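There are 2 protein chains.
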Amino acid sequence: VAGAVLAAATGDVRVLLCGQRERILAELGGSLPPGLDIVDAPQVIGNDEEPAFAVRAKQDSSLVTCCRAVREGGAVAAVSAGSTGAMMAASLVEMRRISGVLRPAIAQPIPNKDGFSILLDCGANADCKPEHLVQFAYMGAAFASAVLGIEHPRVGLLSIGEEAGKGNVLVQETFSLLAAAEGIDFYGNVEGRDITRGTTDVVVTDGFTGNVALKLLEGASHFLLDQIRAAATSSLTAKAGAVLLKPALQPLREKVDPEAYGGAYLVGLRGVSVIAHGRSSRTAIRNAILHGANGARHQVVEQLTEQLARRRAAAEAQG
Amino acid sequence: VAGAVLAAATGDVRVLLCGQRERILAELGGSLPPGLDIVDAPQVIGNDEEPAFAVRAKQDSSLVTCCRAVREGGAVAAVSAGSTGAMMAASLVEMRRISGVLRPAIAQPIPNKDGFSILLDCGANADCKPEHLVQFAYMGAAFASAVLGIEHPRVGLLSIGEEAGKGNVLVQETFSLLAAAEGIDFYGNVEGRDITRGTTDVVVTDGFTGNVALKLLEGASHFLLDQIRAAATSSLTAKAGAVLLKPALQPLREKVDPEAYGGAYLVGLRGVSVIAHGRSSRTAIRNAILHGANGARHQVVEQLTEQLARRRAAAEAQG
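Which chain is which? The protein sequence lines are Y and D, in order.
In this text, residue positions in the first sequence follow our numbering: the first is 9, and each later residue adds one.
In this text, residue positions in the second sequence follow our numbering: the first is 9, and each later residue adds one.
If you're looking for bench data, these hints aren't it; they were derived computationally from the structure.
Just so it is clear, the structure is predicted and the values come from calculations on it, not from any experiment.
A portion of the hints provided could be inaccurate.
Subject to a maximum C-alpha distance of 30 Å in a straight line, what follows is the list of computed BS3-like cross-link-like pairs (lysine-lysine) [to be verified]:
#  : chain 1 : residue 1 : chain 2 : residue 2
1  : Y       : Lys174    : D       : Lys121
2  : D       : Lys137    : Y       : Lys247
3  : D       : Lys121    : Y       : Lys137
4  : D       : Lys247    : Y       : Lys121
5  : Y       : Lys137    : D       : Lys174
6  : Y       : Lys66     : D       : Lys66
7  : Y       : Lys121    : D       : Lys263
8  : Y       : Lys263    : D       : Lys137
9  : D       : Lys121    : Y       : Lys263
10 : D       : Lys66     : Y       : Lys263
11 : D       : Lys174    : Y       : Lys247
12 : D       : Lys137    : D       : Lys247
13 : Y       : Lys121    : D       : Lys66
14 : Y       : Lys247    : D       : Lys66
15 : D       : Lys174    : Y       : Lys174
16 : D       : Lys121    : Y       : Lys254
17 : Y       : Lys121    : D       : Lys174
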């Protein structure tokens, strides 16, 4: 609720709070600030519930209500920090896949020196086939265009060697499909270190590797920042140095903060769906809401739909 | 050569330099310091050569000569910063696998708050079967005991959720095998963020995921340290702060430096083989040599052989 208040205060978005009306009103101190509305949703889906079952059983839960609002046109994007599995299931059921999309994927912007790269799939599909990865490449490119404003995004395939032919069987088979794919600026294989180097605008991988990579990146950032904090308080001299250095480090802290983007996008659906971290602060929720609105404003769904249709037409023309 | 000189200067090891005698002597200024010897190996295997073919064709290359010295007892460990593929092939051909080992694996110590965890496989096997991962668990545990001195190493299986059943098909099948495996302290699934948390002493994964993780970790550390360096020189105040803070950060820098360990071990062979980074500094080479000697001193090969034999006997007894 605090994050929604912050988002609405920017004046850029109107926020529909889907949830238990009385509890939301209590959080708001009894009255609705401008830019906020409530959609009453009495049911709650917990983190421990089986996603598909819970979504079917609880049609009046906040998650399902929120995704339904997007389908019915009452909202342009759904944002939730609830159960990831349930948010994926609710998004899939309510928004449905774009025609031709085999598997929606989780797309996460990852900071690098010059900006952000999109890593996908970050965990929606643990086991993938080559044709899934090819679709991720199209979805990632459309997403990078729409959300990051990159006109001709370069797409890399995550592997364990730069040369064609390096990697596991999945990557080897995907490589030749991507090399022949129409309308993709395929860079070739990239390696783990290229993710934070920004070698390509989009990095395509299966949901297992992508999720491990995303969580490792989070863990490594925390580890390094924790250790630096510990070192910075280890002596009076170090403390003095840290005080002087802190302002210069602030932009970096904000950039590598997982809260900067607030959430990952579930792409491949007929609506914008943003999955925020369960431990999101109000700032993270604010950012997730603004980025969801941004996706809708830049018509990421329409762009992706058009690109996929064009690709299918080209493939059919080829025979 | 400079790294070998540093290693020999510790007095803990004798180093056999395998390579072109005249070039090595030239590097040494014409005379051999104490603790160094040369084994003449006129041939060179380049990074671009097909490993298995090159190793068969160039029996007098430095790589093959070095691995042969271990087999023949002239050395206790082989260390190379040459082609990773060729070093793997030469190690495999010359040292051969421990009886019962299906696939050797690359084991890399990863720094965490309290010490190191062993991540394997970091790239020897891009596609794995569950029984390979089970062997990696045994090899990683034996390695953690012998090299890190951990008496009862806990073993985690890298996945994308902590609960049993989370992960891709490979991980799901491996989970039940590990849960039933004798002589392994199996912790269950760990996630990407657990690698730098040190949740377990050993993290088991396939060579594709492990290699992506290792290189991502390297990339993320470089990215963060580069950005901190840039911030630290962005103003006079920041520069002054950095000067004061620097001594306190030194231990951290050394710990996360990929050169601290100097190289990854190829485990599962009848000899100690260390694969150093192609861009290793003299310090990294020194450390790789010392860690190779350490592995031999702690009898990592003998320990692993014994553990695998015990396990096979137990499995046969079970029927």
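- Message: Output the indices of the hints that this structure fails to meet, ascending.
- Response: Per hint list: 1, 2, 3, 6, 8, 10, 11, 12, 13, 14, 17 violated.
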